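Residue strings, one per chain:
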Amino acid sequence: MKLEIDNLSCGYNKKAALKNISLKISPGEILCLLGPNGVGKTTFLKTILGFLEPIEGEVRIEGKNIRSWPKKKLARYVGYIPQAHASPFPFSVMDIVLMGRAAHIGNFSKPSAHDYREAEESLDKLGILHLRERIYTELSGGERQMVFIARAISQKTHILLMDEPTSSLDFGNQARVLSQINALASTGLSIIMTTHAPDHSFLCSAQVVLICRKNEPRIGNAEDIVTENNLHGAYGVKVKINESYLDNGTKIHSCIPLLDN
Amino acid sequence: MADYELVAHTHKIADVKAPCFAPLSTMTLLVIIFATVLAASCTFGQFGISCTTLLHSVILKLTGNCEQITHAVDTVIFKIRLPRIAVASIIGGAMALAGASYQGTFKNPMVSPDILGASAGAGFGAAIAILFSFNMFFIQVSAFALSLIAVSLTLLVSRIIAKGSTAIIAMILTGMIVTSLFSALISIIKYVADPESKLPEITFWLMGGLGSANSSDVLFLLPTITLGAVPLLLVSWRMNILSLGDDEAESLGIDIMKLRLLVIACSTLLTASCVSICGLVGWVGLIIPHISRLIVGPDFHKLLPVSILVGAIFLVIVDDVARCLFSVEIPLGIITSIIGAPFFMYMLIKGKKGWI
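Here the protein sequences line up with chains S and Z, keeping their order.
If you're matching positions, the first sequence starts at 1 in the working numbering and goes up one per residue.
If you're matching positions, the second sequence starts at 1001 in the working numbering and goes up one per residue.
Hints in this document: simulated from the structure, not taken from any laboratory.
Computed from a predicted model, the values in this text were never measured in an experiment.
Certain hints may be false.
The calculated DSBU-like cross-link candidates involving lysine-lysine, where the alpha carbons are at most 30 Å apart (straight line), are [claimed, not checked]:
1) S:K251 - S:K19
2) Z:K1258 - S:K156
3) S:K15 - Z:K1190
4) S:K46 - Z:K1163
5) S:K156 - Z:K1107
6) Z:K1258 - S:K14
7) Z:K1163 - S:K214
8) S:K73 - Z:K1107
9) S:K72 - Z:K1107
10) Z:K1163 - S:K110
11) S:K72 - Z:K1163
12) S:K72 - Z:K1258
13) S:K64 - Z:K1258
14) S:K73 - Z:K1258
15) S:K15 - Z:K1258
16) Z:K1163 - S:K14
17) S:K46 - Z:K1258
18) S:K46 - Z:K1107
Start from the sequences and build out the full structure, keeping to the hints where you can.
Structure follows, in structure tokens:
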């Protein structure tokens, strides 16, 4: 299941925030969208999700333009995990995860025993089956993010889009969510996520699209794109990238911003 | 990094069954309460009817021995009280259902058809129709059309104010403006109406009441209420998703425009049908879904049937109070407002963050 983005320009009201982006993602690959606030990362995600019409270019799944696909068909291929939010109604965790099954159920039907099973299995895969009966609005930010991931798993899509999956999470929960993202990719899912931490692109050994205000977006492997120069160009601050080695010899990178004073 | 794998955890997944509608025990209990309230209501009133007389007459009626029932008892139970109680339960259920559905589509537990101007619009529509002596059918059509116009106006203006988003405070304020506009229009109708015949008719009707409810009203309500209620019950599970917000619902495969349009049209039809029969009876659509949510939780699939039953029970009881408390009947709308206004205040005070 290949996602191809061909010469895509996207934005609101025909004003392109991003121009001429072309890339391909294969199963099991992770793509990180990096760039300063307001540069159009979320706009890009919304265009792939079909919320926004592309201004130019097209998004193809399995070689077919998704532009005219009905929402339900698209939802069987592409899943979306929004930034953490609170619903006005205190749904249970199970209620939320079951919603992932909507794309597989008739318009006037309700979830069947099979759908309940799928939902429970998704919770189980993430090790949060014990949260099943809890009220989702009363969960911590990290748990809530896990519930959304479970919902995306139960949606059984091939591609998963995540809008800042680690924002507003503490240090430990960020690491846990990133582990799950890697685990999901290893099952063959393609994942596109926006993030504010360049480190994450190394942790997920991802492809990177680095979006700048002035230059064309840079696209490539994390090690080629996330460099001190490029980060300085995109964010306007000096950055030091360290390489260090774990005991087993694995190389890891970390980015440290250098403060002015 | 490839070391990560999804390992099934040791929790046992028990054999899962999909629950149907609300828990059976809750529904059974509510049905029993409803039946009790119905029976009790038949005995209340100025013409005293004991429980045994009621039971006796019902059995005679069911077995086809109508001639053994005394004429007075027959008239009071089967021609006056029973139709009125039936109308009260249908309207209570329909208004609660419409209110719960509105709350789902507008992602907020604080909205109801009266707050968004639907009732005032329907009131204006019906008042015009009464002024021109239209028949019941056209009163209903006119109420529905203007109700829909009023809600659309509220949505349109609040969208402009909130710049595309659906800020609830903008919606409630716009609803107030639209309501007051339509109230002014109603006043014009009253001002020009014939003070001998039309004015009292419109005035009493606006205060809300079931004093003139009869069995033809039941026949008249059933088709429109069914038309509005069945689609809502069918999409009840999807309302859960709609209540999360547009982007999320769309990414889960919901055609939000179509679904929202369906829900608004059906709920407005329910509201307009109720208003055209019983006048302006406010607050039911706001209070009942809340009480029901306390009973079964927020899942709309369970909430809607429970709301219907609780709404029916509530309005039958309120109507009993309206007709029995004093020797003169109190308009129904006055009582629901006296109960509803403090309840709404209480909810605002106790309400969770994000409701406004």
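A quick look at each hint next to the structure:
Distance restraint check for K251 (chain S) and K19 (chain S): the Cα-Cα separation of roughly 34 Å exceeds the 30 Å cut-off, and the hinted pair is therefore not satisfied. A C-alpha spacing of about 24 Å is found between K1258 (chain Z) and K156 (chain S), which places the hinted pair at or below 30 Å, so the restraint holds. Distance hint between K15 (chain S) and K1190 (chain Z) is unfulfilled; the C-alpha atoms sit about 52 Å from each other, more than 30 Å. Distance check on the hinted pair: K46 (chain S) and K1163 (chain Z) sit about 19 Å apart at the alpha-carbon level, within 30 Å; holds.
Between K156 (chain S) and K1107 (chain Z) the CA atoms are separated by roughly 26 Å; this keeps the pair inside 30 Å, and the hint holds. With a CA separation close to 25 Å, the supplied pair K1258 (chain Z) and K14 (chain S) stays within the 30 Å bound. Distance restraint check for K1163 (chain Z) and K214 (chain S): the Cα-Cα separation of roughly 29 Å lies within the 30 Å cut-off, and the hinted pair is therefore satisfied. Note on K73 (chain S) and K1107 (chain Z): the hinted pairing holds, with a Cα-Cα distance of about 25 Å set against a maximum of 30 Å.
Distance hint between K72 (chain S) and K1107 (chain Z) is fulfilled; the C-alpha atoms sit about 21 Å from each other, no more than 30 Å. A threshold of 30 Å between alpha carbons decides the hint, and for K1163 (chain Z) with K110 (chain S) the separation of about 34 Å lies outside it, so the pair is violated. Restraint check for K72 (chain S) and K1163 (chain Z): satisfied, since their Cα atoms lie roughly 28 Å apart, inside the 30 Å limit. Taking the CA atoms of K72 (chain S) and K1258 (chain Z), the gap is near 13 Å; set against the 30 Å cutoff, the hint holds.
As the CA atoms of K64 (chain S) and K1258 (chain Z) are separated by approximately 25 Å, the hinted pair is consistent with the 30 Å bound. Distance restraint check for K73 (chain S) and K1258 (chain Z): the Cα-Cα separation of roughly 16 Å lies within the 30 Å cut-off, and the hinted pair is therefore satisfied. With a C-alpha separation of about 28 Å, the suggested pair K15 (chain S) and K1258 (chain Z) falls inside the 30 Å cut-off, and the hint holds. Note on K1163 (chain Z) and K14 (chain S): the hinted pairing holds, with a Cα-Cα distance of about 18 Å set against a maximum of 30 Å.
Among the hinted pairs, K46 (chain S) with K1258 (chain Z) is consistent with the structure: their alpha-carbon atoms are about 20 Å apart, no more than 30 Å. The suggested pairing of K46 (chain S) with K1107 (chain Z) holds, with an alpha-carbon distance near 21 Å, which does not exceed 30 Å.
This entry does not satisfy hints 1, 3, 10, going by the numbered hints stated previously.
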